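Protein chains: 2
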Amino acid sequence: MDLIVVGSVAYDTLETPAGKREKVLGGSGSYFSVASSFFQPAGLVAVIGDDFNPKFLELLEKFGTDLEGLEKQDGKTFHWTGRYEDHNEAITISTDLNVFAEFSPKLPKKYRSAKTLFLANIDPDLQKDVLSQVDGAALIACDTMNFWINGKRKQLLETLKDVDILLINDQESMMLSGTDNIFSAGEWIMKNGPKTVVIKRGAYGSLLMQGRELFLIPAFPVRQVVDCTGAGDSFAGGFVGFLHATGDHSFENMKNAVAMGTVIASFTVEDFSLDRLAKLTYAEVEKRYNELVNYINLKKLDLGGLLSKK
Amino acid sequence: MDLIVVGSVAYDTLETPAGKREKVLGGSGSYFSVASSFFQPAGLVAVIGDDFNPKFLELLEKFGTDLEGLEKQDGKTFHWTGRYEDHNEAITISTDLNVFAEFSPKLPKKYRSAKTLFLANIDPDLQKDVLSQVDGAALIACDTMNFWINGKRKQLLETLKDVDILLINDQESMMLSGTDNIFSAGEWIMKNGPKTVVIKRGAYGSLLMQGRELFLIPAFPVRQVVDCTGAGDSFAGGFVGFLHATGDHSFENMKNAVAMGTVIASFTVEDFSLDRLAKLTYAEVEKRYNELVNYINLKKLDLGGLLSKK
Numbered sequence: 000m001d002l003i004v005v006g007s008v009a010y011d012t013l014e015t016p017a018g019k020r021e022k023v024l025g026g027s028g029s030y031f032s033v034a035s036s037f038f039q040p041a042g043l044v045a046v047i048g049d050d051f052n053p054k055f056l057e058l059l060e061k062f063g064t065d066l067e068g069l070e071k072q073d074g075k076t077f078h079w080t081g082r083y084e085d086h087n088e089a090i091t092i093s094t095d096l097n098v099f100a101e102f103s104p105k106l107p108k109k110y111r112s113a114k115t116l117f118l119a120n121i122d123p124d125l126q127k128d129v130l131s132q133v134d135g136a137a138l139i140a141c142d143t144m145n146f147w148i149n150g151k152r153k154q155l156l157e158t159l160k161d162v163d164i165l166l167i168n169d170q171e172s173m174m175l176s177g178t179d180n181i182f183s184a185g186e187w188i189m190k191n192g193p194k195t196v197v198i199k200r201g202a203y204g205s206l207l208m209q210g211r212e213l214f215l216i217p218a219f220p221v222r223q224v225v226d227c228t229g230a231g232d233s234f235a236g237g238f239v240g241f242l243h244a245t246g247d248h249s250f251e252n253m254k255n256a257v258a259m260g261t262v263i264a265s266f267t268v269e270d271f272s273l274d275r276l277a278k279l280t281y282a283e284v285e286k287r288y289n290e291l292v293n294y295i296n297l298k299k300l301d302l303g304g305l306l307s308k309k
Numbered sequence: 000m001d002l003i004v005v006g007s008v009a010y011d012t013l014e015t016p017a018g019k020r021e022k023v024l025g026g027s028g029s030y031f032s033v034a035s036s037f038f039q040p041a042g043l044v045a046v047i048g049d050d051f052n053p054k055f056l057e058l059l060e061k062f063g064t065d066l067e068g069l070e071k072q073d074g075k076t077f078h079w080t081g082r083y084e085d086h087n088e089a090i091t092i093s094t095d096l097n098v099f100a101e102f103s104p105k106l107p108k109k110y111r112s113a114k115t116l117f118l119a120n121i122d123p124d125l126q127k128d129v130l131s132q133v134d135g136a137a138l139i140a141c142d143t144m145n146f147w148i149n150g151k152r153k154q155l156l157e158t159l160k161d162v163d164i165l166l167i168n169d170q171e172s173m174m175l176s177g178t179d180n181i182f183s184a185g186e187w188i189m190k191n192g193p194k195t196v197v198i199k200r201g202a203y204g205s206l207l208m209q210g211r212e213l214f215l216i217p218a219f220p221v222r223q224v225v226d227c228t229g230a231g232d233s234f235a236g237g238f239v240g241f242l243h244a245t246g247d248h249s250f251e252n253m254k255n256a257v258a259m260g261t262v263i264a265s266f267t268v269e270d271f272s273l274d275r276l277a278k279l280t281y282a283e284v285e286k287r288y289n290e291l292v293n294y295i296n297l298k299k300l301d302l303g304g305l306l307s308k309k
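Chains as they are written, first to last, in numbering that gives the first Met the number 0: chain A, 0 to 309; chain B, 0 to 309.
Derived from the structure by calculation, the hints contain no laboratory data.
Treat the hints with care, as some may be off.
The list treats identical chains as one, so a pair stands whether inside a single copy or across any two.
Claimed, not checked - Taking lysine to aspartate or glutamate pairs in the DMTMM-like style, the calculated list, with each CA pair at most 20 Å apart, reads:
hint: 1; residue 1: K75; residue 2: E283
hint: 2; residue 1: K105; residue 2: D134
hint: 3; residue 1: K298; residue 2: E251
hint: 4; residue 1: K299; residue 2: E283
hint: 5; residue 1: K299; residue 2: E251
hint: 6; residue 1: K298; residue 2: E285
hint: 7; residue 1: K108; residue 2: D50
hint: 8; residue 1: K194; residue 2: D163
hint: 9; residue 1: K19; residue 2: E88
hint: 10; residue 1: K299; residue 2: E212
hint: 11; residue 1: K298; residue 2: D247
hint: 12; residue 1: K299; residue 2: E285
hint: 13; residue 1: K22; residue 2: D49
hint: 14; residue 1: K286; residue 2: D134
hint: 15; residue 1: K286; residue 2: D301
hint: 16; residue 1: K286; residue 2: E212
hint: 17; residue 1: K114; residue 2: D128
hint: 18; residue 1: K299; residue 2: D247
As the structure is a prediction and not an experimental result, all values here were calculated from the model.
Pulled out of the complex, with its shape left as it was, chain A reads as follows (with noise of 0.2 Å):
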């Protein structure tokens, strides 16, 4: 496989003010490989318990994901409880977290000469260990999280120096960085490994940057959000397996990677779990996209003329 993602599959019981789900297939790997297989299919590297469902297993292939590297465990598999009060943040209820709390990722052999490598939000000891798994892959993007940053700052910090790019929220990239102002933050990330950074906004949209290029993009204008999980997981999907899929990782490819991910996961928020991913056609992708590049679409003026008019 060229294209990796090591992370979580899990179920989700939720609730959101749009309605409940109980057990629903969720987990960073579920949403990431779904996503980039509108580009280009994942392994899978996670964990499951003897009690998962086999229709999920199923959906991840129906969309070319390899399973190879998702390993059986005896046990439960992790088990997410949460709600949202406004669609914005999620209050955790319970975090079980059953196989995945012993989970050592082991990449079937066919996944280390991976080109692209993408490491969801797990242990930064873990992210190390898988980057001494893999040869030379030509990316490697990573995410994280408050729990992390405070828990194991200095581990993540060692992971940041093999990081390509780092994918993270507006919160938690001050929380990283110590800054009050995300584009602060994004220098000193810039300055602890990562040569690129983007920075998840939520409803508001993301930020590019690299050294002194900067993109700012809004989100896509949805107008029914039901349900905001793996919406940042889809964007990374999205975004990475662009990325992969063209080979191009230049700036100005990586601003349209960015515009993917935010298309993505425009979708993934319209329903609970992968429920729209699962029936997302490429049309429909490509008819948001274009609706995206016309909203943030802008003639430039030459100024001149009507300034000096004063």
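Keeping the supplied structure of chain A fixed, place chain B upon it in accordance with the hints.
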């Protein structure tokens, strides 16, 4: 005068995370007229007390503001006192309306044929009265706030019937329309008078809606925010001033007007009161406009090939 603003001129006493200031120049009319002056100076209709600092009048005049419509009354000038715990939300400590309590705007004769009118955030009954004093303005733009939405809803809806463009912040757009997202709010507003809506999202940028057209723009990345007071009125000044100066009310040109409002507002927040605008140069405006366009620019791809490869 061709461009008129009706609003407030005030003393602001405030504390932000960056410091404190006492009785500095504030008020929607002050911010609007200095901001618009980068494209077109305005006639300012407002009221001050006999305690008003003449230095501030000099500042307004330095920016070409016509003060024939600025009434001077016996008594004290409107005085707002507030603080910001973070930069996004002002907490009002006191509002001493003083002479502003009896404000009844009277347009000087030479203002009545104005081509462009901005009704800043004042009592909708006064806004309506001002509308009856102008004759055939080509462009009427308006702002409002929660206080009037809740307290004078009927009168506000009456005023909106005669307004071309409503500028409103995101929370207030949802409050006015009774919807839970800004896109539905914009559509509701367009059914109630204004053909064009600008929804302001503070540090997250703004959006422009007109019929089925939509334009989304982020805020300019400011590294050191000092004081967000007047950002919305500066945005309005840049936006309306640019529309007036170009005389082009097409959607395409409105997109650039929104960009210009974004640029001017981004300078306002870099210092207290009008301190940053007071020393702003045309070269800086042009440079930041060009940077903003660069930060949001995306070259559209033809995806056909990529998506069908799978």
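Exercise. Find the hints from earlier in the document that the structure breaks and name them by number, from lowest to highest.
Key: Violated hints: 1, 7, 14; rest satisfied.
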